[in-house]
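Protein chains in written order, with the numbering used here: chain L, 431 to 606; chain G, 431 to 606; chain E, 11 to 462; chain V, 11 to 462.
Because the hints were derived from the structure by calculation, they are not lab data.
So the derived label-pair ranges between C-beta atoms look like this: (1) A107/V / D557/L: 37 to 43 angstroms; (2) P336/V / R244/E: 41 to 47 angstroms; (3) L573/G / D145/E: 41 to 47 angstroms; (4) D145/E / K337/V: 48 to 54 angstroms; (5) Q414/E / R592/L: 36 to 42 angstroms; (6) L573/L / P188/V: 48 to 54 angstroms; (7) T366/V / P526/L: 32 to 38 angstroms; (8) R434/E / P545/L: 49 to 55 angstroms; (9) D289/V / E329/E: 37 to 43 angstroms.
Note that this is a predicted model, so its numbers are computed, not measured.
The C-beta atom is built at its ideal place from N, Cα and C for all residues, glycine as well.
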Amino acid sequence: MARMEGKDSQELKELVEFLKANGIAEFEMERPDLKVSLRFAGEAPVAAATGIDAGQMAALLVAAQGGGGGVAAPAAAPVSLAAAAAPEAPAVEVDPYAGAHIVKSPIVGTFYDTPAPDAEPYVKVGDMVSVGKVLCIVEAMKLMNEIESDAAGQIVHVFVKRGQPVEYGQALFAVK
Amino acid sequence: MARMEGKDSQELKELVEFLKANGIAEFEMERPDLKVSLRFAGEAPVAAATGIDAGQMAALLVAAQGGGGGVAAPAAAPVSLAAAAAPEAPAVEVDPYAGAHIVKSPIVGTFYDTPAPDAEPYVKVGDMVSVGKVLCIVEAMKLMNEIESDAAGQIVHVFVKRGQPVEYGQALFAVK
Amino acid sequence: MFRKVLIANRGEIALRVISACKEMGIRTVAVYSEADRNSLHVRFADEAICIGPPQSRDSYLNVPAVISAAEIAGADAVHPGYGMLSENANFAEVCRASNLKFIGPPPEVTRLMGEKATARQTMKKAKVPILPGSDGVLENEGAALEWAQSIGYPVMLKAVAGGGGRGMRICRSRQELPALFQQASHEALNAFSNGALYMEKFIERPRHIEFQVLADEYGHVMSLGERECSIQRRHQKLIEEAPSLQITPKQREEMGKVIKRSLKDIGYWNAGTIEFLMDEDGSIYFIEMNTRIQVEHCVTEMVTGVDLVKAQLRIAAGEKLIDIVPKQPEMIGHAIECRINAEHPEKFTPSPGKITVYNVPGGNGVRVDTAQYAEGVVPQYYDSLIAKLICHGKDREEAMNKMQRALSQFIVQGIHTSIPLHQRIFADEEFRSGQFDTKFMERFLEREREGA
Amino acid sequence: MFRKVLIANRGEIALRVISACKEMGIRTVAVYSEADRNSLHVRFADEAICIGPPQSRDSYLNVPAVISAAEIAGADAVHPGYGMLSENANFAEVCRASNLKFIGPPPEVTRLMGEKATARQTMKKAKVPILPGSDGVLENEGAALEWAQSIGYPVMLKAVAGGGGRGMRICRSRQELPALFQQASHEALNAFSNGALYMEKFIERPRHIEFQVLADEYGHVMSLGERECSIQRRHQKLIEEAPSLQITPKQREEMGKVIKRSLKDIGYWNAGTIEFLMDEDGSIYFIEMNTRIQVEHCVTEMVTGVDLVKAQLRIAAGEKLIDIVPKQPEMIGHAIECRINAEHPEKFTPSPGKITVYNVPGGNGVRVDTAQYAEGVVPQYYDSLIAKLICHGKDREEAMNKMQRALSQFIVQGIHTSIPLHQRIFADEEFRSGQFDTKFMERFLEREREGA
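Using the sequences and the accompanying hints, generate a full structural model.
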């Protein structure tokens, strides 16, 4: 319907002149009928990473972690149980255990770090663990499911507390 | 749906030349009918970050142009009467009268290029016109409204036919 | 029936009329200003004609442009919606002269009802209960003082040509009357080019109750019951309900009879609304008549099952009321409407701009009337109403709970809206009790300020 | 009433149940697979728990995961929606053992009705009209041949454990029966791990008519009238209506009585649907019972005014039917539902992916049940239903016209949907006449191929 007319290109020229004259490096304008966004060359790159597809990013991140099965699996940051994903409010969180392997809960249930109420914990921060070492119990439907480590290394963090409910895929331990 | 036609690529070339000439590194433009986004090579990738108030800027722009009335007035391109704006079906068209001034209809009504049914047309393609010269009649509510030229030059095109309904802002004549 | 109807309006009401026409097989012509080029009423009409620049006075209120558009499109009728040209009797006359059927009452009646003092006298003659007040225009201060004495203070001074609260003053004593008279008259002169005032008894805590009517062009009139519209801020309605818990079935039936008689006397036709104030004792008094479809018509539709816009079209096309609404509808359940405005939910400042996220609630008993969409723009030039959220439940309690659920699922981003304000109101005990009046919002906002 | 309900489902039905709970003041727990993290049922529930990877069998169908989620969230009841675990009697038993109220019938009845041959016998005993057919399972080919002779060809072979058309064969003569018997049995064995078959009289042009029932836990049963569901493609319903133009008020009342008696005999409770075939003469025959809420429950809600999901919750909480639906509701007007699927409108191939534009229609008499939104993703792992568009009019004609209007305003981009298919169906003369049967879609698509 609309075309690039003389007036439009004229307007664009004047706009660019005006921006240059005012030493503006980057410019965005939005009107019902027109949206313009531009950046002049010779500028230092700017930090804010908008415009990147968050979903794609999450997938990349998972791949980079050599991480678990799910296609859209989010970056296994500590997620509170009741936290409903809010599509419009993506909170950018930074993972302090980015380099570590994350042992996740394979089932929904209740987390226990000890084999019995008054026993010693299976593992503590600082312990070295091998693949297959039992790290905790997740109780589901009265069954005590022992969760084994799927990586070797040092326990650098325990994400959950004794008796805390955990959901599928929730981060339990960071192993480095 | 839309295709990149010869005329489009011509328009694009001109745009690119213009941007290069002005040292612009990144450019995005969106109109109801067209969306362009480009970045020149040899630049570090940057994500757009703007601290400029777009509304303020648009106002400045209008002021800088010594410019006309409506803030959000679109580029009044020839629009067919029944064409409802369809956000999802943008047709890319290129204006062959890009350099010309477009005389638009200031009212809704019926277009007549002659003062009376069997009279000669006010103007024909090729005629030279001055500002204030009557170009046509737009009939509205039984009133014959004479439409005067708001530019001087040569009539290079008549967009509408005798007896055709025209809407507000519809292109009537191209004057070069 | 009409072949092609031009809708001389924008926004949700334009889309409402377009939808009704589509369902009846009538072609539609939208008109639009340059600011509304990408609006849904433009997209969903069969034809659309740009009639002017963004400002209403140059486009939607531009009578020659609208008539001209109807002529070039070959429309045979015009629906004016609400606001805009809907109560402009001159426009209705030009339509008539241009051989376009105006979908609304005859211009003579619109004019009669547009002058408030005349409307009052007319209704008084037709035996509709009216507020004690002056018999027409107050000649001067002296006359005002005399009338006030006979009515008893407090009294309200009102502009004859008024609306929106301008030219209005509450007067509580003989001492303050002269100054207030001058102020109100001056304000009315500025706002309406007419400084004439009249006087009414002032009710401290009135409810705003209105009755929806339909009348055909053969003298048949039907009342479709009342709406409760007391939740207002600065005379702008925010929430409307049907039915009102305060109106008994007996009162509803009696009012139905009074309305029937009076509108027949006046020669009214098409849809209309008669507004009343209810005093603390439950008596109701006529205040004014709106000679058009109203924003809040939907709550009446939800409880009666009558499609008011389709009824308007059928009446205008010459059908008889008995064929449109064969029998007096019962009111089933309870309906509430929230006006979702593009404005700050605390500061009440307008919030035009681009909508980025727009998730509309749905499900059982939820109706949304809107012409907005994700990526759409709310222009700065028009009123701030972007959507009407209507909930229908088996009783007021269920309707309120449904509204709370629906409000929590109505997500708008990019602009501010009144959604959070409505959420606060629906959590308010006074509102939930149903025991409120037109001063509710003042008290509510005061409570919030104190609580905060 | 329950304090907290876990919804063991996804998509629109999960959101439907969440909305009902919210309106009743019940807290909600959503469960979700990793593919549904950004779904609206997750967003709008009070709590949400991830229970597994995208595949249904590892998440929504994973009984220990669902039960575990209910336990850690402290839910006191589970609503299964439709599909998923809704007709899994074992799941209902585990709920019972875990002290969670299962919102549906007792597992014993679900099991009884899940075996089609048993269901048939049970209904026969309760004097519900059934299709002439074998008394239970066919021992072998020989028995099948004998039964076919006594019923008369054509006959239908059906899997005892069947569903979705698998293990079904139409048999028109003695000659072709043995081969078809083997095929059907083999198919049933593969699909359901059970190759047992039964036989029924085959109706060439049947209508699919079903009755909605509610029953409390004290033996009170109510029929809420029928739905017409003949518009199907490959046994998948596309369009449903209430009421059916073919059912007379007398027939409706009689069926109501039969249903009441039979469900009381069986010990049924909560919501359920009894499906019938109607032959060319208007006689109806029981085919199966669905022991859950159904996709198309909304059309019954629109004409009766009864909220079926709220009724389910109240029944499960021990309320009496008389308190939930005090008197037999009349059917008011006509309602039609279109299933909007993410699939190609001509090729019928699934079309998962990201939705870029999502404009949902609204206005008078239009209801949309959906959990989709602009920028939302339709995962490839689940069924293709993305929305239900329900229109209610004063009669079938108005409901159809409303549907056409609403379909034209339902804009989905980014994926293909069945919207254009529905638009073609609603313009079809046979569909509009109301004179159709379950073979309609075959004829309709054939007509389109010929016309093209």
